[in-house]
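Chemist: With the hints as your guide, set chain B with the ligands onto chain A.
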Amino acid sequence: MPKIDLTMDVNGRKVVKQTEPHKRLLDFLREDLNLTGTKEGCGAGECGTCSVFVDGKLVKSCLMPAAKADGAKIETIEGLARPGSLTPVQQAFHKTGASQCGYCIPGMVMAATSALRENPDAGIEEIKERLGGNICRCTGYTKIFEAVEIARDVIAGRLPETALDEDATGESFIGANVRRLDAPSKVSGRLKYAADMKMVDMLQMQVLRAPMPHARIVSIDTSEAEAMDGVACVITADDVPGTDGFGVFIHDQPIMARGKVRHFGEAVAAVAAEDLVTARRALAKIKVEYEELPGIYAPEDALKPGAPVIHDYAQDNVIKHIPIRKGDIDKGFAEADLILEDEFRTQQVEHAYLEPEAGIAYVDHDDVVTVLSPSQNITHHRHMLAHILDLPINKVRFIMSPVGGGFGGKEDMIYQGMLALAAMKTHRPVQLNFTREESLVASAKRHPSRVKYKMGLKWSGEITAIEFDMLSDGGAYGMSSEGVMRKAAILSCGPYEVHNLKVDTKVVYTNNTPSGAFRTFGGMQAQFATESMMDMAAEALDMDPFELRRINMMRIGSRTHTQQELTTASLDRVLDAAEAASRWEAGAPKVRGPRRGDLGGPDARKPCTLGARIGDAADTETKDERVAS
Amino acid sequence: MLICESYHVPKTLEEALRLWGDAPDGSRLVSGATDILPWAREGRAGDVEIPALIDVTKIPELKGYSCDKGRIRLGAATVYQDFLTDRTLMSNLPCMPYCAIWFADDQIREQATVVGNLVNASPVADGTPPVVALNGEIELTRLEEGDVKRRTVPVVDFIEGPGRTLIQPGEIATAVTVDSAYGYGGSFQKVGQRRSLVISVACCAALVRADSTGTMFEDVRLALGGVGPRPIRLRDAERRLKGERITQELIQRVAESAADSVGSRSRKEYRRDVVVNFVRAGLEEALANQPEIGAKFKNFGETENA
Ligand SMILES: Cc1cc2nc3c(=O)[nH]c(=O)nc-3n(C[C@H](O)[C@H](O)[C@H](O)COP(=O)(O)OP(=O)(O)OC[C@H]3O[C@@H](n4cnc5c(N)ncnc54)[C@H](O)[C@@H]3O)c2cc1C
Ligand code: FES
Ligand code: FES
Chain A
1 MPKIDLTMDV NGRKVVKQTE PHKRLLDFLR EDLNLTGTKE GCGAGECGTC SVFVDGKLVK
61 SCLMPAAKAD GAKIETIEGL ARPGSLTPVQ QAFHKTGASQ CGYCIPGMVM AATSALRENP
121 DAGIEEIKER LGGNICRCTG YTKIFEAVEI ARDVIAGRLP ETALDEDATG ESFIGANVRR
181 LDAPSKVSGR LKYAADMKMV DMLQMQVLRA PMPHARIVSI DTSEAEAMDG VACVITADDV
241 PGTDGFGVFI HDQPIMARGK VRHFGEAVAA VAAEDLVTAR RALAKIKVEY EELPGIYAPE
301 DALKPGAPVI HDYAQDNVIK HIPIRKGDID KGFAEADLIL EDEFRTQQVE HAYLEPEAGI
361 AYVDHDDVVT VLSPSQNITH HRHMLAHILD LPINKVRFIM SPVGGGFGGK EDMIYQGMLA
421 LAAMKTHRPV QLNFTREESL VASAKRHPSR VKYKMGLKWS GEITAIEFDM LSDGGAYGMS
481 SEGVMRKAAI LSCGPYEVHN LKVDTKVVYT NNTPSGAFRT FGGMQAQFAT ESMMDMAAEA
541 LDMDPFELRR INMMRIGSRT HTQQELTTAS LDRVLDAAEA ASRWEAGAPK VRGPRRGDLG
601 GPDARKPCTL GARIGDAADT ETKDERVAS
Chain B
1 MLICESYHVP KTLEEALRLW GDAPDGSRLV SGATDILPWA REGRAGDVEI PALIDVTKIP
61 ELKGYSCDKG RIRLGAATVY QDFLTDRTLM SNLPCMPYCA IWFADDQIRE QATVVGNLVN
121 ASPVADGTPP VVALNGEIEL TRLEEGDVKR RTVPVVDFIE GPGRTLIQPG EIATAVTVDS
181 AYGYGGSFQK VGQRRSLVIS VACCAALVRA DSTGTMFEDV RLALGGVGPR PIRLRDAERR
241 LKGERITQEL IQRVAESAAD SVGSRSRKEY RRDVVVNFVR AGLEEALANQ PEIGAKFKNF
301 GETENA
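Protein chains in written order, with our numbering: chain A, 1 to 629; chain B, 1 to 306.
The shape of chain A in the complex, shown without the other chains (with noise of 0.2 Å):
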């Protein structure tokens, strides 16, 4: 490939460096001079996870080409502080514990170190405002804007700088700040997580992805790809020794696809080459033969007789069902003053962790099968992958690098399979580290899911049955699936005392990516359901919501939806805290017209509106300005 020198001031020091021509900034900063506390989030300007400074003005470096810093002076997040110290901008984010996976955390330090270093004085708008270009998934943004507020007073002196020191804590830790252990590695960029890792001799993984939701694979011809200069291994469901299959609950997705795709972007084919453009260029010379089949893109569909088969296994297509009887709704119903029926429908939602899935595999002196990601299952992935490999599971290990964000969706063993055959293939270390799109296109998503409600109630509120019936789109694999079932069953009806229930939570496979883990795992679908019903109901019985809730609320000695006996509960507490937390105008929904006096008090959030900074440089604008006429 062709090769370009670029020389730059890189904090502080002088470099000179060959590279190649297409790379980016992030690129160059990461991969010719491992300063990796740069991370790539998304790679397409709108993370912010690869922000540095640039001749003094802060620019997303995977929106840069590296030619186009040549000769610049470049500060990253590894420069801002000597070794060993931290800035006040970074002391703060440790102080309010303004992190926790922590991948944001070094973009976002410096794009605070930037809106304060372009207007120390900046009020707490402007700071949202010149933070808006850089996401958090974990923290939220509450410690990072309380972190910023701190440095600035301080810089300023108008704080002291023991207000960088940790809070002081009585009795409790709530409604302190309390320091994460692990914070100054992540506000100081030094967190490796598996991208950041190297080693000697690595090679880059890509993978061919399918292009179509539904079909057998006639014909893979890897020939062609494998004889390219560079590549060291392609591939594919043959190459696996064991027996295939993995999943949380039921190992009915193999490594890569096996005779037939069954959702748009699954696995086909992975190259293992010296460096990411020949992988990326091997890709395109693997010629993939498909037969398209018919498809199943609604979970109502996947249940009609005659229906495609998508895992012979279950020529039904049904995942999971998880039934819950309790009392008799019959009689329920017919105690009833009043039945409401409705429906509700959730959507597939994507985790949109910062960090995209990684990894690095390589077969160890004694012959371990070596696997570093950041995992969120590693003893249940060693198991799968010691059966798929066909090895005794001490030849098999897992290491977990930090997680860059989960939140469920790396649960799933999607690609750690490829890596390791890949490695036992070439006996080298093989790094695959996935783009955003990849992530979007391969990773598990929120369950999408349809509640058919039914909802029983005397005029005193008293529930008196309910029939919840679920169907949620699984998508091509189970996944978590069955897990998520039987924690929508359990909620359903939420934390009321129901003594008559039918509930029915069902998973069907379909042609659309698979569902997985995600926060609640089932809970939220039904919870909008039933709390969706409890409002209408509180409506049609022109009663109070809180009300209503504390009529049916769960007590100590309660029985819940699967027959447990309670010893404690405290939705009692938890309501009077919201009703007054919210300042809960009382009275039924009707009660109130268009104005809600309860909305819009000082700590509800505004709509966000921009152009704090516009008004001041107006301010002081002067006459002699004008351009003349």
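Think of the hints as simulated: they come from the structure by calculation, not from any bench.
Treat the hints with care, as some may be off.
Claimed, not checked - When the alpha-carbon atoms are kept at most 27 Å apart in a straight line, the in silico BS3-like pairs for lysine-lysine are as follows: (1) A:K458 x A:K331; (2) A:K57 x B:K58; (3) B:K58 x A:K14; (4) A:K14 x B:K11; (5) A:K198 x A:K458; (6) B:K58 x A:K73; (7) B:K63 x A:K73; (8) B:K58 x A:K17; (9) A:K3 x B:K149; (10) B:K63 x A:K57; (11) A:K57 x B:K11; (12) B:K11 x A:K73; (13) B:K268 x A:K17; (14) A:K3 x B:K11.
Modeler: Only chain B with the ligands this time, still in chain A's reference frame:
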């Protein structure tokens, strides 16, 4: 992934024009690279191998701006952040700061050029409506038998449709020239799938100059983006407002008539609603933002984007 054989950073316009003229097919010009790099990704162009990238942002002639005869010539290297940091640009181009603040984010605005935005010719480019409202012209430069030749094209004509412009092979856009609108009130309306860091579904730029008593429209400029393949200047609405007494009824009436300018086929009804609200809010905010006599228009109160 964008892969290129060579990356050139010419230091003079002539060198750039020569490189561009000789560049193998498929080569591209680069300014901020904020369109070109995301374009070469999965789901859009995918992997793209390009012979040469020619970066024009280090050419001194293309940097900075100059003012002459009521016009401002913005060099091609002018970035959106300049409209939030340069006082002269802020006061002479009063719709640009409002466009800029809703444009991407602080970091991208340090790179993203006005010229790149116009040449990229996305129907939802935020820069197009304010430039069109400012009677913008794009300057195109080429080499002809060794001589540097320039022509200018009104931006409203330059953009022919999505990704299509009147730029010719061998030409480099070297500047955008716009009216000085000193003393006007400016505003910019934008709606997208979220509020911040988002590509518009539709946008609208407004410039207004009321008389010194604040009762009459002396001049009005309105332009829309995102409601058709090309930028739209609302000449008819402007005519109906100019010289008229400022009343909320008039503003509403004119705003409603603007709905017919929507040419987009998708989400047409939605876009019609948006346009009516944008024209009304755009005029009201521009009036409120007009320096010196702004106080007169406080009675319009807060307006909301659609
Ligand atoms: C996260 C993100 C958010 C964004 N938000 C917005 C937004 O809010 N509003 C909006 O309108 N856009 C937005 N964009 C798009 C982009 O930033 C703008 O269109 C920007 O103005 C493009 O300018 P550039 O200098 O980066 O162009 P480049 O990417 O360098 O070039 C764009 C095109 O113009 C050509 N070109 C560049 N310079 C010249 C020249 N001198 N002569 C001839 N041709 C040239 C290039 O070959 C290319 O085809 C966003 C982009 C990203 C990544
Ligand atoms: S903004 Fe650069 S990686 Fe996301
Ligand atoms: S801490 Fe911000 S994304 Fe995880």
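Chemist: Decide, hint by hint, whether the structure agrees.
Modeler: Each hint, compared with the structure:
1. A:K458 x A:K331: 13 Å, holds
2. A:K57 x B:K58: 16 Å, holds
3. B:K58 x A:K14: Holds. K58 (chain B) to K14 (chain A) sits at ~21 Å (cutoff 27 Å).
4. A:K14 x B:K11: OK: K14 (chain A) and K11 (chain B) at ~22 Å, within 27 Å.
5. A:K198 x A:K458: Distance ~66 Å between K198 (chain A) and K458 (chain A) Cα, so the pair is violated.
6. B:K58 x A:K73: 15 Å, holds
7. B:K63 x A:K73: Holds, because 19 Å separates the two Cα atoms, which is no more than 27 Å.
8. B:K58 x A:K17: Status holds; Cα separation ~21 Å.
9. A:K3 x B:K149: Outside the cut-off at roughly 34 Å; violated.
10. B:K63 x A:K57: 16 Å, holds
11. A:K57 x B:K11: 21 Å, holds
12. B:K11 x A:K73: 19 Å, holds
13. B:K268 x A:K17: This hinted pair is violated, its Cα atoms lying about 53 Å apart.
14. A:K3 x B:K11: 20 Å, holds
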